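Chemist: Protein chains in written order, with our numbering: chain A, 1 to 145; chain B, 1 to 153.
Since the hints were made in silico from the structure, they are not lab data.
Treat the numbers as computed from the prediction; the structure is a model and nothing was measured.
The beta-carbon is built from N, C-alpha and C at its ideal position, and this holds for glycine as well.
Worth double-checking, as some hints may not be accurate.
Just the calculated beta-carbon pair ranges, DEER-fashion [to be verified]: (1) Gly70/B x Val48/A: 29 to 37 angstroms; (2) Gly77/B x Glu115/A: 41 to 49 angstroms; (3) Leu113/A x Gly74/B: 46 to 54 angstroms; (4) Asn27/A x Val56/B: 22 to 30 angstroms; (5) Glu71/B x Pro61/A: 40 to 48 angstroms; (6) Glu115/A x Gly70/B: 45 to 53 angstroms.
Dumping the calculated SDA-like pairs for lysine to any residue here, alpha-carbon to alpha-carbon at most 25 angstroms [what the hints assert, rightly or not]: (7) Lys61/B x Tyr41/B; (8) Lys90/A x Val3/A; (9) Lys61/B x Val64/A; (10) Lys103/B x Ser92/A; (11) Lys23/A x Lys103/B; (12) Lys23/A x Ala125/B; (13) Lys61/B x Ile88/B; (14) Lys90/A x Gly68/B; (15) Lys103/B x Lys90/A.
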Amino acid sequence: MVVWLGYAVLALVLWGITGVTQKLSTNRISSERSFLWFCWAMVALSAVVAGLARPHWGLAPLVVVCSVAGGALNGLGAWTSFRALESGGKASIVISLISLFPLLTVVLAIVFLHERLTWMQGAGAVAAIGAAILLSLEAPPKAEA
Amino acid sequence: MTEKAGGRKPPLWLLWSLVTIVLWGTWGLVSKIASDGVDAYVNQLLFTLGIAPLLVFVGWKVARQGPGPGETAGGRGRGVFWAFLTGILGGVGNMAYFEAMVKGGKASVVTPVTALFPMVTVLLALIFLKERLGRVQWIGLGLAFVAIYLLNA
């Protein structure tokens, strides 16, 4: 397995666990309070990571802007997804629709970063997005015995 | 009547969903650009800087609203614990996602792979929360494994 795929699978597993922990949280507190503590955890994690980080002067301004923008875009996206659910959208439809976001990343990466996908990678990306949508659909309620 | 003639407004949930797609879709692009110049640790520090204004805004809203309906002191403590754990796991996940790009993964491949995270969620929900999977989710799970195979080929 190539190294980058190992890290990608690690992210997938950790984010997958958050799907359960987030549900355990929002069963007890509001989604906004849950999001607030999610952000505080990010701050705590960064305090720990600060000891490991090797920041150096001379970072390209574009890189700094993109890193900061990454946090802002990720956080805002989480907040707008909560708003979509609170605005009356069915969870199965909203989450499935939002699962299309990698499609935009693929298009942006091809247009702006000139990334090229092999036939297999292209098919894999399409299959991954399709799988994410199918997995996000809620199972029908259990029939009464 | 004139309102009908003017057409229907799109529902608010659809607009918020589309905004989310744009925000998260663009996040993948900027992460790849940033991965050319910083490591995952420095990126995490800058990432948190980006989330800080939202933390202040949501903190202000939560303080103004007070406890939500049905929130108890005990339940709030446990809810906060799970939210905090979500943040830690999510943050380490972000670092792994970023490191995948630092190690040469393309944004157009890494992002669809990591977006498969619901497969882990449904498996955990199946095992620990005793939730039931529908036929569509089982197909999604199978398709997820096919996707990983194709992307690794």
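Chemist: Taking the hints in turn, state whether each one holds.
Modeler: Against the structure, the hints:
Hint check: Gly70/B to Val48/A, Cβ distance near 34 angstroms, so the stated range 29 to 37 angstroms holds. Restraint check, Gly77/B to Glu115/A: a C-beta distance of roughly 46 angstroms satisfies the suggested window 41 to 49 angstroms. About 49 angstroms separates the C-beta atoms of Leu113/A and Gly74/B, a value consistent with the hinted range of 46 to 54 angstroms. The beta-carbon spacing between Asn27/A and Val56/B, approximately 26 angstroms, falls within the hinted interval of 22 to 30 angstroms.
For Glu71/B and Pro61/A, the Cβ-Cβ distance of about 44 angstroms falls inside the hinted range of 40 to 48 angstroms, so the restraint holds. At roughly 47 angstroms, the beta carbons of Glu115/A and Gly70/B sit within the given window of 45 to 53 angstroms. Restraint check for Lys61/B and Tyr41/B: the C-alpha separation of about 30 angstroms exceeds 25 angstroms, so the hint is violated. Distance restraint check for Lys90/A and Val3/A: the Cα-Cα separation of roughly 38 angstroms exceeds the 25 angstroms cut-off, and the hinted pair is therefore not satisfied.
Taking the CA atoms of Lys61/B and Val64/A, the gap is near 29 angstroms; set against the 25 angstroms cutoff, the hint is violated. About 34 angstroms separates the Cα atoms of Lys103/B and Ser92/A, which puts this hinted pair outside 25 angstroms; it is violated. Of the supplied pair hints, the one linking Lys23/A and Lys103/B is violated, its CA atoms being roughly 32 angstroms apart against a limit of 25 angstroms. Distance hint between Lys23/A and Ala125/B is fulfilled; the C-alpha atoms sit about 10 angstroms from each other, no more than 25 angstroms.
The hinted pair formed by Lys61/B and Ile88/B meets the criterion: a straight-line CA distance of about 23 angstroms does not exceed 25 angstroms. Between the alpha carbons of Lys90/A and Gly68/B the distance comes to roughly 21 angstroms, so the proposed pair stays at or under 25 angstroms and holds. Among the hinted pairs, Lys103/B with Lys90/A is inconsistent with the structure: their alpha-carbon atoms are about 38 angstroms apart, more than 25 angstroms.
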